[in-house]
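J.: Build out the structure end to end from the sequences listed, making use of the hints.
For the protein sequence lines, the chains are C and V, in the order given. Per the working numbering, residue 1 is the first one in the first sequence, and the count goes up by one each step. Per the working numbering, residue 1001 is the first one in the second sequence, and the count goes up by one each step.
If you are wondering where the hints come from, they were derived from the structure by calculation, not from laboratory data. All C-beta atoms, glycine included, are put in the ideal place defined by N, C-alpha and C. Treat the hints with care, as some may be off.
[As the list claims (entries may be wrong)] Pairwise CB distance ranges, derived in the manner of DEER restraints:
no., chain 1, residue 1, chain 2, residue 2, range
1, C, F362, V, L1219, 53 to 61 Å
2, C, A67, V, L1178, 44 to 52 Å
3, C, K405, V, E1018, 57 to 65 Å
4, C, S210, V, A1143, 34 to 42 Å
5, C, E325, V, P1010, 43 to 51 Å
6, C, D440, V, H1116, 28 to 36 Å
7, C, P86, V, A1143, 22 to 30 Å
8, V, E1018, C, R326, 15 to 23 Å
9, C, E360, V, L1093, 49 to 57 Å
10, C, S372, V, H1116, 42 to 50 Å
11, C, S372, V, S1117, 36 to 44 Å
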Amino acid sequence: MSGWFDPLFRVSDNLLELVGVGGVFSRTVRIGVTGLSRAGKTAFLTSVAANLLARGNPRFALAPLGATDVPRFDHPRHLAALAADPPRWPERTDAVSILALTATIERAPFPDRRIRLEFLDYPGEWLLDLPLLSQDFTGWSRGVLERVAKSGPRAEPFLAFLRGLPARAAGDEALAAAGHRLYRELLQALRGQGLSYLQPGRFLMPAPGSPPPWMGFFPYTGEGGLAGLLANRYAAYVEAVRRDLASPLFAHVDRLVVLADILSALHDGPAAFADAYAALAASAGALRWQFSLSEALQSLLRLEMPPRAIERVAFAATKSDHVAERQRGNLTALMRDLARAPAGGARVAHFAIASVRCTEDFVWTLEGRPVSAVRGRVLGERRLTRSYPGEVPDHAPDPSFWEHKFLALPAFEPMALPDGGRLGVPNIGLDALLEFLLEDVL
Amino acid sequence: MSELRTKNVPVAPRIEAEDLPAPRLEPVPLPADPRPRTRVGMPTLAASGLAVLVFGLAGLETGNFIADEFARSAILGWAALGVAATGFGLVGLGFWREFKALMALRGVDRLRANLHSTDPVRRARAARAWVRRLPEAETLLPAIDAINDPDAILALLQSGPGAALRAKSEALGRTAALQAVAGIAAMPSPGLAGVFIGWRGLRLVRQIAALHGLRPGLLGTASLVRRTVTAAASVAGVEMAANTAAHAVLSGPIAQHLAGEMAGAGVAARRMLVLARAAAAACSPLSEP
Ligand SMILES: Nc1nc2c(ncn2[C@@H]2O[C@H](COP(=O)(O)OP(=O)(O)OP(=O)(O)O)[C@@H](O)[C@H]2O)c(=O)[nH]1
Ligand SMILES: [Mg+2]
Chain C
1 MSGWFDPLFR
11 VSDNLLELVG
21 VGGVFSRTVR
31 IGVTGLSRAG
41 KTAFLTSVAA
51 NLLARGNPRF
61 ALAPLGATDV
71 PRFDHPRHLA
81 ALAADPPRWP
91 ERTDAVSILA
101 LTATIERAPF
111 PDRRIRLEFL
121 DYPGEWLLDL
131 PLLSQDFTGW
141 SRGVLERVAK
151 SGPRAEPFLA
161 FLRGLPARAA
171 GDEALAAAGH
181 RLYRELLQAL
191 RGQGLSYLQP
201 GRFLMPAPGS
211 PPPWMGFFPY
221 TGEGGLAGLL
231 ANRYAAYVEA
241 VRRDLASPLF
251 AHVDRLVVLA
261 DILSALHDGP
271 AAFADAYAAL
281 AASAGALRWQ
291 FSLSEALQSL
301 LRLEMPPRAI
311 ERVAFAATKS
321 DHVAERQRGN
331 LTALMRDLAR
341 APAGGARVAH
351 FAIASVRCTE
361 DFVWTLEGRP
371 VSAVRGRVLG
381 ERRLTRSYPG
391 EVPDHAPDPS
401 FWEHKFLALP
411 AFEPMALPDG
421 GRLGVPNIGL
431 DALLEFLLED
441 VL
Chain V
1001 MSELRTKNVP
1011 VAPRIEAEDL
1021 PAPRLEPVPL
1031 PADPRPRTRV
1041 GMPTLAASGL
1051 AVLVFGLAGL
1061 ETGNFIADEF
1071 ARSAILGWAA
1081 LGVAATGFGL
1091 VGLGFWREFK
1101 ALMALRGVDR
1111 LRANLHSTDP
1121 VRRARAARAW
1131 VRRLPEAETL
1141 LPAIDAINDP
1151 DAILALLQSG
1161 PGAALRAKSE
1171 ALGRTAALQA
1181 VAGIAAMPSP
1191 GLAGVFIGWR
1201 GLRLVRQIAA
1211 LHGLRPGLLG
1221 TASLVRRTVT
1231 AAASVAGVEM
1241 AANTAAHAVL
1251 SGPIAQHLAG
1261 EMAGAGVAAR
1271 RMLVLARAAA
1281 AACSPLSEP
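T.: Here's what the structure looks like:
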């Protein structure tokens, strides 16, 4: 019934928002959180939700989600797990969920102003699917195969299979399945080596449920029936990325938080470090950094909001509670040296954060010298563990850095959460990050 | 020089467990929020001083008297002591009750402020504290713990126990209204009818207070009536509510002047209903502060 009215309403809503009338009383801020798998996205969102909801002014509440099909980010469950005794960290994320909050700002004689904040949680592996949105099958295959060729003997079975294919292979299901299996095994092996620039992400972390047929492809630069079949499947895959990641959030983010587990990367060695860096850069490059007039006009013709460009970017090194205060300074400096926003007008800041603080700083006398270290309880143990994993460089690590050891991070358990997390979650630097991200809207 | 050299040789990184078990780390506690201290006003000070004088001097006097009686004979002394102890005990008990009732009223104010505070933690805590006293506590407490959203908690309380209390208060108001009509019809003189309405109004206020778990004494009732008058001003959709409530309750003793106005039974009945609503708002921590 209301069917043919809808476009009319959409036009008027969009026009209102365009001229800023809607923005006086309400506004939606979409905050993209990018981070590779295990970077700490779920912990970050849980802590953000708990700390914002515990704030008095402005007051935050969970926002209604209406009839969208993206499930709500289950922060109460994650929070309960962190607060439990013994505590548990969130499991690996295997699906997309959305965290939506509204801040109500009281301005006495005027109506309250509402700001809606939206964050997206998703499996970190999927982040690397964002660059696929602007690539066609052949272009993507070429890039992937170039990287694969450099990755050593592990890639041999898959590369041998590719070399064995005739120039114009037929679009045969068995061939596609065999290639897909080999490529997937290769991705898993590379992940085992600590690499993270691995595409497509769903091959490593499939969505729940049985895999749809379009998952069965692999990078291929040949021609003929097989190439056509694979390209079609690739197109369907890209469509799924658009549906699950881009349209709920990433296509119109206006703030960005880039989370990077730099400390673990320092342990993983130069190859993994460089790879993680390339992966983060590629995913950030896939976002919209500049306002484009032609795109804006096109979307207006489709009766949609013109896409906004990213206004602020916070680069944050996560899990910084693994090192002491002085080293956290180095970590921020290192982040500043590594991360630069792609061209555009975005404001940039760098942080060293711990979403869920696990340790306390203390001075450890080692070899007769005082060293600033941290200590905390490791999951499943009753004793405190002291940790000084190594010196954090304050600039991009050079070859001499990699000659020293940097120890793997112990699995610390979160500090006790006062009142089950209702009072917020103990953290490092989260307030400063949120302040930077939202100071102009709140 | 030697310091420089040692600085250049990095300390080897290491991770070691300590020897003794330790409890889970606690975050550094946040500073407690400073509560505004309420200052004692002049009238209170003067009244307290007067009370100390009256009771202190009376006590001393009685003490002297008892000592004299003991000097005369032990039996007389014991009897005087017994009489004095019982008398002062009863007076003390009365004061204690009054004091507790006043504190309970204060408690409602505090609870109301907390339930409507912008600090979600304080809100949730206040909600739990209040619900614990209700008969529905057993089903409501787990629900509150599960909700974890302060706005939803208030909504739940308002639609659950809040609505029940409101309904019961209205029922009390209706009964009082009926009795007021019947009373006016039965009273031989308008003056007596005025007294009756005043008494019935006062009783209604106390009934509703009891419904909310308050047992006001004399001072408590006076304070409650004052609150009811202020609350009546904010009870939605009632014109002239403050006036009405004040008249219905306070004009009893001087009903002569208001006799003409009081004559209409319909007016009296409506006043009881308004009064019930206002008293419920004054007694319930869920109403807007
Ligand atoms: N010490 C410390 N460890 C953290 C912190 N945040 C995350 N971690 C650790 O990092 C692990 C991964 O965190 P998650 O939040 O699950 O990472 P994710 O980015 O959601 O990972 P995926 O869901 O696989 O993409 C956790 O299990 C913790 O062990 C932190 O603030 N401090
Ligand atoms: Mg996750």
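J.: Hint by hint, say whether it matches the structure.
T.: Results for each hint:
1. For the pair C:F362 and V:L1219, the beta carbons lie near 58 Å from each other, so the given range of 53 to 61 Å is met.
2. Look at C:A67 against V:L1178: about 50 Å separates their beta carbons, and that is inside 44 to 52 Å.
3. Range check, C:K405 to V:E1018: Cβ separation about 22 Å, and the 57 to 65 Å hint is violated.
4. In this structure, C:S210 and V:A1143 meet the distance hint of 34 to 42 Å, their C-beta atoms being roughly 38 Å apart.
5. Evaluation of the 43 to 51 Å hint for C:E325 and V:P1010 yields a failure: the beta carbon distance comes to about 18 Å.
6. Taken as a hint, the range 28 to 36 Å holds for the pair C:D440 and V:H1116, whose Cβ atoms sit roughly 30 Å apart.
7. Checking the proposed 22 to 30 Å range against C:P86 and V:A1143 shows it holds: the Cβ atoms sit about 27 Å from each other.
8. As the Cβ distance of V:E1018 to C:R326 is approximately 22 Å, the hint placing it in 15 to 23 Å holds.
9. At roughly 54 Å, the beta carbons of C:E360 and V:L1093 sit within the given window of 49 to 57 Å.
10. Taken as a hint, the range 42 to 50 Å holds for the pair C:S372 and V:H1116, whose Cβ atoms sit roughly 46 Å apart.
11. At roughly 40 Å, the beta carbons of C:S372 and V:S1117 sit within the given window of 36 to 44 Å.
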